[in-house]
Amino acid sequence: MADQIVAARGRSKVPKVAATRRPWAISAQLQAAPLALVFIVFFVIPLGIIVLVSFLDYNDYAILPTLTTRSYTETFEGCIDQLPDVCTILKTYATTAQFCFAVWLLTLIIGFTISYFLAFHIRSTTTQIVLGLLCTIPFWTSNVIRMISWIPLLGRNGLINQILMGAHIISTPIEWLLFSDFSVMLAFVHLFTFFMVVPILNSMLRIDRSLLEAAFDAGASGWQTLWHIVVPLTKPGIVIGSIFVVTIVMGDFITFGVMGGQQIASAGKIIETRLNALQFPPAAANAVILLAVTLVVISLLTRLVDIRKEL
Amino acid sequence: MSDEISKSNVSRRRLLQGVGAVAGAGIGLGIGESKRSLFPAPAVWAQDAKVLRYLSTATNQSPDIVKKAFEDTGIKIEYVTVTTDDVTKRVITQPSSFDLVDTEYFSLKKLVPSGNLLAMDAKKIKLFDKITPVITKGQLANGKVIGDQGTAPKKVMFVEGKGSTKFATEMTEWATLIPTTYNADTLGIRPDLIGRPINSWAELLNPQFKGKASILNIPSIGIMDAAMVIEATGQHKYADKGNMTRAEIDMTTKVLTEAKKAGQFRAFWSDFNESVNLMSSGETVIQSMWSPAVTAVRSKGIPCVFQPLKEGYRSWASGFAISKAVKKDDLAYEFVNWFLSGWAGAYLNRQGYYSAVLDTAKANMEPYEWAYWMEGQPAAKDIHAPDGTVLEKAGSKRDGGSYDERMGAVACWNAVMDENDYMVRKWNEFIAA
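Line order of the protein sequences matches chains A and B. Under the numbering used here, the first residue of the first sequence carries the number 82, and numbering increases by one thereafter. Under the numbering used here, the first residue of the second sequence carries the number 5, and numbering increases by one thereafter.
Simulated from the structure, these hints should not be mistaken for laboratory data. Do not rely on the hints blindly, as some may be mistaken.
As the list claims (entries may be wrong) - If you want the footprint, here are the derived chain B segments under chain A, 3+ residues with CB under 8 Å:
hint	region
1	105–115
2	259–272
3	424–431
Said to hold, decoys possible - Here are some of the chain A residues that sit facing chain B, going by a computed Cβ distance under 10 Å:
hint	residue
4	L164
5	C168
6	K172
7	P233
8	I345
9	S347
10	L356
11	L359
Just so you know, even glycine gets a beta-carbon here, dropped at the ideal spot from N, CA and C.
If we strip away everything but chain B, and leave its shape as in the complex, we get:
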């Protein structure tokens, strides 16, 4: 059903996107309100309003998804927009302020023991068996096992029972999160300002880029990037980069501190827009980055590459969970099932993310789009972002190649360490140095 609608409405959607983007820049709520008058839906009003409060970061939200979900299911999404850290804070301190949360797997080590999330019943998720094995088993569809250092999703994917606060070691029917998006992150570079090939994480701390490098100031992720650099330079081999010992944390922050004192970093960033600004203004030429941020720089007409590196990627994944205070869990399941049914997946794939159920997303994408985004083939036609801007001219290839190449080269996952508390203290020392 959704296939047909989305295909026949492509041009209308493109038209509306301009309006939606302006009206909805940042305020999901506002959109919902304006839509009431534009598309009155009496059938829905007659029943209980189908409203779902959706907590996540801005990166995981889009007015287009709100609109399409409403068209298809009658569910009105109310976005609650906060930062990565605040998602965790909200779940733990105010579980009744949202129904559905889109959060990252690595925060589960904090969220699940707090008991504020309900496990998702896999039996109620129609496409559960189709969810990519990258998340559930830590391997590609062809069976290739990928890196699982850090909080790999498979380690925290299941709990023992519905109300359980303990992770299960094997697959159960109680999933902590139903995946929405995931990706493999690496360093973003400005090829025009660097002018030579970059192929190793070690380049982040290369003195050649003194005063022009940046990492992110979210300790649990920043330290992973630093660990990738340290392994790349051969200074140390971690047993698990996502779960360091105190000695390893000391050593890692020491390396960072020395680089900082030598003036390596131009700035640190902690949100998407900061990283885009640093890169597009040329303040930095090499930095940790998120894939949509690279896309954002590039759509300004500034060359920016999400550079594949020989040591591999630092990966992340996010997914849906419902609050223990939720009263409308049927609604939440209905929305999650819709989300996995393809339209949203295709939408996310077109932004450079990867979706949880690939088959349905594929059915919602043009074959040339699928070939470009997922198979690493040269674009047969111009590639457009969901908002209609041209991302790539025909003939270009995706950085890092196909899905299998990129996800197959994952070295570690974003993590919360056992020594998280100590790490945060050391990170403060690094900032103060």
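Bound conformation, chain A alone:
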């Protein structure tokens, strides 16, 4: 058992050849096989097909079996000759990335605060569990309903505008509450903060309390304890939460659509439009591009923390 863990870490001094010769190495492979099989069938093969389709030609109603880079070249159409204007795809990715960053920052701050409160200020485990469950309540209804429920609140004649106008704080309705960058951001934060809370809380609960006491005894201020002990030890949770939030926002098209009044482009929306027009190869090409960009972002995130080591 201990050998296994050491071997799995990949840092063992045991020579690899020796390790694979042991009988349990085969059983380990067998144990991993079901999951590997699921990944191959439902992830690797479909992904391979998507990559293949992205290099095929197409017409109005069919995919043609001719290899071409048309889907890619047309996706990046005008990126060079339109200079200094930015082409559609880059503009779209810039918008998506901005949203991604802003949502990530907001969900991180809010999620971290909530987790901190749950982990260090709530003493009883029961209360912790109850409050944790409370956080999940919004997830009892569908994504879209949670989004749409904002609309009567934020609209031109919505509740907030009515209250503000009734209290004579404003004389004309505030327009940017709905169908704007603001409303998209609001919905994202509302929808996805929980994805930050869970992994961060998980990391925090595993912090040895005696470390905090030691810091206190050594005369550290609250901020110093937070910055030098809690944050570093919570890093894996932060990175995992960040991966959730970043990948969701990168690929989203529903929230952008519903809350942005369909007026804001996102990487996911390009794919959706192409699919709706039955143009599968360019949709696939855009999916591949999106995947590549997301992989870059995630690899940057995992650079910050070696998740495998921390787990």
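Position chain B against the provided structure of chain A, taking the given hints into account.
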């Protein structure tokens, strides 16, 4: 036969409608199931179950039609409900998942070459000769020729033979679609919030409505609305709005983009309910709209007009086709023949659509209803929607007038352009701008 039943059962039907509407809101399948226990039909069970899988958008589906069709023919309709784009996607990628499809003529440019639909044999359609010439010939019954820009139904109505994937240039006995409904669309407005007459498509991009306008985010239809606006402002005259050149697409999306950057649009919509919500909440006061959506806003007690405009209408038509994988085409023909026989037509006419065979629909409507919906006359009595809600008080007139006035003023039809692929790319640019 159906006449008598429908007339004598009007009150019962009205009663049941409440139940049907609740039980069936959205799930055609559920209705079918519940009906089994309510109205057992042993004669039908003894034979092969007469089940027809019916693929279409929600707008073309109604629990009342399912119920009536079952009463009259014993055919159980199973609705497969998807969006406009998904109808096309399904036909092309999963032809065996439905028997009958109710789709729009403009998608035929994609569907027919794919070979996934069977042409309908006109000889098996009893009332084929009675189908309105608006669809088959592009003219009114009185001979007046109407606009045929875009994918006008007559251009894609016939194919050369049963298995053919090529459109015929003349009438043949092989029809691509047997029409169900069609209509002439224009802009919906909120007269109470605008407070002045609107009579041109140009108003959609009038800066006066900055932040209060909307168009639909279905590229092939949205660009047609934009084209109507551009022609109305006199910036450009298209040879065919439904088949633009690349330069025309560039120019059209440029106009749209400038309007968007100037904050003209409040939001874009892509389904019926979104357009209803935008309009009824007052987020928009002028937008592209579909006629039943206007009806829906109005039945909430909010004033909304489907405003006739001097440049004319952008029209659409949908119809039935059968899948190449269909095993029960007799059943499909039986249902289509029932559909054209009048009850369904009258039902659709009462929602503001137009039905394919007008004579039989007329026979199933009260004379005052026919006068209001089809002849443009003031309503002699209160006008009710099929679900029983009062749509119009006695004395009011239909927006745009009679059938001949409305369909006679069609300027173009929903279309799939030759440059569709390029157009979609430009549309994405417009959304990203």
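Each hint, compared with the structure:
1. Coverage of the region 105–115 of chain B by chain A holds. Counting CB-CB distances below 8 Å, 3 residues qualify, and the rule asks for three or more.
2. For the region 259–272 of chain B, the stated coverage by chain A is satisfied: 5 residues place a CB nearer than 8 Å to a CB of that chain, which reaches the threshold of 3.
3. Interface restraint, the region 424–431 of chain B with chain A: holds (5 residues with C-beta to C-beta distance below 8 Å; minimum three).
4. With its C-beta approaching chain B no nearer than about 16 Å, L164 (chain A) sits outside the 10 Å limit, and its interface hint is violated.
5. Evaluation of the C168 (chain A) hint against chain B yields a held restraint, the C-beta minimum of about 8 Å falling below 10 Å.
6. The beta carbon of K172 (chain A) comes within 5 Å of a beta carbon in chain B, closer than 10 Å, and the hint placing it at the interface holds.
7. Look at P233 (chain A): its Cβ gets to within about 8 Å of chain B, closer than 10 Å, so that hint holds up.
8. Interface restraint check: I345 (chain A) against chain B, minimum CB-CB distance 8 Å, threshold 10 Å, status holds.
9. Annotation: S347 (chain A) was flagged as interfacial toward chain B, and the flag holds, the nearest CB pair being 9 Å apart, inside 10 Å.
10. Given the 10 Å rule on beta carbons, the hint for L356 (chain A) holds: about 8 Å separates it from the nearest Cβ of chain B.
11. With its C-beta approaching chain B no nearer than about 6 Å, L359 (chain A) sits inside the 10 Å limit, and its interface hint holds.
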